[in-house]
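**Student:** Here's the letter readout for the chains.
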Amino acid sequence: MDCDKLILKVNNLSKKFGKGCSQCEKLTGPEHNSNVCPKCGTVVALQDISFELYQGEILGIVGESGSGKSSLVQCLYFDQEASHGEAYLCCFDNGLSNILKAPESKKRFIRNHMMGMVYQNSVRGLRLNVTSGGNIAEKLLSADMFHFESIRARGKELLGKTEIPLYYMDEMPKRLSGGMQQRVQIAKALANNPPLLLLDEVTTGLDVSVQAKVLDLIKSLQQDLNISMIVVSHDLGVIRLLTNRTIVLKNGRIVEKGLTDQVLEDPQHAYAQLLVHSML
Amino acid sequence: MLNVVNLSKTFTMHIRGGKKILSFKNVSFSAAKGEFIGVTGPSGIGKSSLLKCIYRTYLPTEGDIWYTDSTGKEYNLSSADDHTVLKLRRNELGYISQFFHVIPRVSALEILSGALISRGQDRQASIERAKELLERMNISPSLWDMFPSTFSGGEKQRLNIIHAIITRPRLLMLDEPTASLDPKTRHEVVNLILELKSEGTAMIGVFHDYDTLNKLADSRIDLKEGRGCVYA
Chain A
1 MDCDKLILKV
11 NNLSKKFGKG
21 CSQCEKLTGP
31 EHNSNVCPKC
41 GTVVALQDIS
51 FELYQGEILG
61 IVGESGSGKS
71 SLVQCLYFDQ
81 EASHGEAYLC
91 CFDNGLSNIL
101 KAPESKKRFI
111 RNHMMGMVYQ
121 NSVRGLRLNV
131 TSGGNIAEKL
141 LSADMFHFES
151 IRARGKELLG
161 KTEIPLYYMD
171 EMPKRLSGGM
181 QQRVQIAKAL
191 ANNPPLLLLD
201 EVTTGLDVSV
211 QAKVLDLIKS
221 LQQDLNISMI
231 VVSHDLGVIR
241 LLTNRTIVLK
251 NGRIVEKGLT
261 DQVLEDPQHA
271 YAQLLVHSML
Chain B
1 MLNVVNLSKT
11 FTMHIRGGKK
21 ILSFKNVSFS
31 AAKGEFIGVT
41 GPSGIGKSSL
51 LKCIYRTYLP
61 TEGDIWYTDS
71 TGKEYNLSSA
81 DDHTVLKLRR
91 NELGYISQFF
101 HVIPRVSALE
111 ILSGALISRG
121 QDRQASIERA
131 KELLERMNIS
141 PSLWDMFPST
151 FSGGEKQRLN
161 IIHAIITRPR
171 LLMLDEPTAS
181 LDPKTRHEVV
191 NLILELKSEG
201 TAMIGVFHDY
211 DTLNKLADSR
221 IDLKEGRGCV
231 YA
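Same order as they appear, the protein sequences are chains A and B.
In this text, residue positions in the first sequence follow the working numbering: the first is 1, and each later residue adds one.
In this text, residue positions in the second sequence follow the working numbering: the first is 1, and each later residue adds one.
Please keep in mind that the hints were generated in silico from the structure rather than gathered at the bench.
Just so you know, these numbers come straight off a predicted model, no measurement behind them.
All residues carry an ideal CB built from backbone N, CA and C; glycine is no exception.
Warning: the hint list may mix true and false statements.
Label pairs and their calculated CB-CB ranges [as the list claims (entries may be wrong)]:
#, chain 1, residue 1, chain 2, residue 2, range
1, A, Asp235, B, Gly17, 25 to 31 Å
2, A, Leu128, B, Thr12, 48 to 54 Å
3, A, Asp79, B, Thr12, 35 to 41 Å
4, A, Lys219, B, Ala179, 27 to 33 Å
5, B, Ala125, A, Arg152, 37 to 43 Å
6, B, Gly72, A, Met279, 38 to 44 Å
Below, a list of computed lysine-lysine pairs in the BS3-like style, where the Cα atoms sit at most 27 Å apart [said to hold, decoys possible]:
#, chain 1, residue 1, chain 2, residue 2
7, B, Lys131, B, Lys197
8, A, Lys219, B, Lys87
9, A, Lys9, A, Lys257
10, A, Lys107, A, Lys39
11, B, Lys224, B, Lys20
12, A, Lys5, B, Lys224
13, B, Lys156, B, Lys131
14, B, Lys87, A, Lys5
15, B, Lys20, A, Lys219
16, A, Lys9, A, Lys39
17, A, Lys26, A, Lys101
18, A, Lys107, A, Lys5
19, A, Lys257, B, Lys19
20, A, Lys174, A, Lys161
21, B, Lys156, A, Lys213
22, B, Lys215, B, Lys184
23, A, Lys257, B, Lys197
24, B, Lys87, A, Lys9
25, A, Lys257, B, Lys20
26, B, Lys215, B, Lys156
27, A, Lys219, B, Lys131
28, A, Lys101, A, Lys5
29, A, Lys9, A, Lys101
30, B, Lys197, B, Lys87
31, B, Lys87, B, Lys73
32, A, Lys257, B, Lys87
Simulated coverage check for chain A against chain B, where a stretch passes if three residues somewhere in it have a Cβ under 8 Å from a Cβ of chain B [stated by the list, open to error]:
#, segment
33, 241 to 253
34, 262 to 274
Please put together the full structure from these sequences, using the hints given.
**Tutor:** Written out as structure tokens, the structure is:
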């Protein structure tokens, strides 16, 4: 793969929950308005998802709940095992081997060294009973950084970047507000300087002023550090602000992909039109 | 540099029972380096849609948009992949919309200098260039570090114009950029556009104000309902 510009390439990624049958793919999808196979009851969360992500680019993923947005990033972060398909990460083995089929030890290495993930719910991304500094240290330790002073220094730097007052460094996230937890999560995800950051509904449930802070942070990270990101959101305002290109998912399929302004102003697929015209 | 061949755009509204709305049909024209093409026609005839198709905010239904970049490579913008379009937008294409989408919580000076800095230009020089243009557009220095969301309509529009021309695009689409400006500022905008034109930028512009159009346009296309365009 052309590693000069590409950072991630995903081919025909599929994810099924259930044992599956030969009819699953035919009987689900946007045209059936369902992702549950009527024959065997298998949920087809994702089917034939292919896309590319370029260096420094932010790719948006939108769609209704249950369309497979979170499953997609979780498959890429190995939280879930993809049923089928390939993903190539430029910085791993020069983009020559399929990371989805890599052995567990390699997967752990990729997760710890090359990716960062921010979950919608900070309970998944943070240990709430371990201090903020400790959470960041955990990510750094798994990325082979063992020097205490350096870990402390990096923790301070990251909390500064995410505008968390330093006296919260030794405070447990469970005592922080939702918006702060989210920013500690971003700090943790960034700790290993990942070339790829996955953001799953990071601003959902935050009040608008905190949401603005988190969005500004993401934007500045992309500008200053040139990190590539996949941003999952059902807030089209967030997508418009952050992304250059957007994928629209429906019942586990890509129904539209294109430039963000094109998807928002001239959507082609019926569902994409419905989504855009539902905007307040 | 730009060669538009039989371009058509029809909107299909799936959420209104698949109703089709014709925007424009069989539009052909070409623009050379430093040439200004004026687009005229009544409201709703598809002038803005034509510009948006060339910028690829809209996907053309039929036809080709051949564009030759600075290295001499030819692209068909109506079918080029997203990444190519983004690259061309970043380096060569400019678009001044009728309405300015303000980037929230970024100051006027940062928005403008940022457009140059993100293209790898020197930070200080970018800021100087932004200040120079803000001054020429009569935007008071007290506003430079303010957020444009607090600006008046005319001030936003001037910012919009500076934002598009500061990068010296090779091909610029202008959608009524002078509509909400006072005569003095309009005059200054026309001068800026003429400067850019003399540097070789090809332009396609929509103006309702015929005085301005006459000053700028080398040739004109007049959109007619449902049957393409007529050179005037």
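**Student:** Give a verdict on every hint.
**Tutor:** Hints versus structure:
| no. | hint | in the structure |
| --- | --- | --- |
| 1 | A:Asp235 x B:Gly17: 25 to 31 Å | holds (28 Å) |
| 2 | A:Leu128 x B:Thr12: 48 to 54 Å | holds (49 Å) |
| 3 | A:Asp79 x B:Thr12: 35 to 41 Å | holds (39 Å) |
| 4 | A:Lys219 x B:Ala179: 27 to 33 Å | holds (30 Å) |
| 5 | B:Ala125 x A:Arg152: 37 to 43 Å | holds (39 Å) |
| 6 | B:Gly72 x A:Met279: 38 to 44 Å | holds (41 Å) |
| 7 | B:Lys131 x B:Lys197 | holds (21 Å) |
| 8 | A:Lys219 x B:Lys87 | holds (19 Å) |
| 9 | A:Lys9 x A:Lys257 | holds (15 Å) |
| 10 | A:Lys107 x A:Lys39 | violated (34 Å) |
| 11 | B:Lys224 x B:Lys20 | holds (18 Å) |
| 12 | A:Lys5 x B:Lys224 | violated (44 Å) |
| 13 | B:Lys156 x B:Lys131 | holds (15 Å) |
| 14 | B:Lys87 x A:Lys5 | holds (12 Å) |
| 15 | B:Lys20 x A:Lys219 | violated (38 Å) |
| 16 | A:Lys9 x A:Lys39 | violated (32 Å) |
| 17 | A:Lys26 x A:Lys101 | holds (26 Å) |
| 18 | A:Lys107 x A:Lys5 | holds (23 Å) |
| 19 | A:Lys257 x B:Lys19 | holds (22 Å) |
| 20 | A:Lys174 x A:Lys161 | holds (21 Å) |
| 21 | B:Lys156 x A:Lys213 | holds (24 Å) |
| 22 | B:Lys215 x B:Lys184 | holds (15 Å) |
| 23 | A:Lys257 x B:Lys197 | violated (35 Å) |
| 24 | B:Lys87 x A:Lys9 | holds (19 Å) |
| 25 | A:Lys257 x B:Lys20 | holds (22 Å) |
| 26 | B:Lys215 x B:Lys156 | holds (24 Å) |
| 27 | A:Lys219 x B:Lys131 | holds (24 Å) |
| 28 | A:Lys101 x A:Lys5 | holds (23 Å) |
| 29 | A:Lys9 x A:Lys101 | holds (14 Å) |
| 30 | B:Lys197 x B:Lys87 | holds (22 Å) |
| 31 | B:Lys87 x B:Lys73 | holds (13 Å) |
| 32 | A:Lys257 x B:Lys87 | holds (17 Å) |
| 33 | 241 to 253 | holds (count 3) |
| 34 | 262 to 274 | holds (count 8) |
Violated hints, listed in ascending order, are 10, 12, 15, 16 and 23; each of the other numbered hints is respected by the structure.
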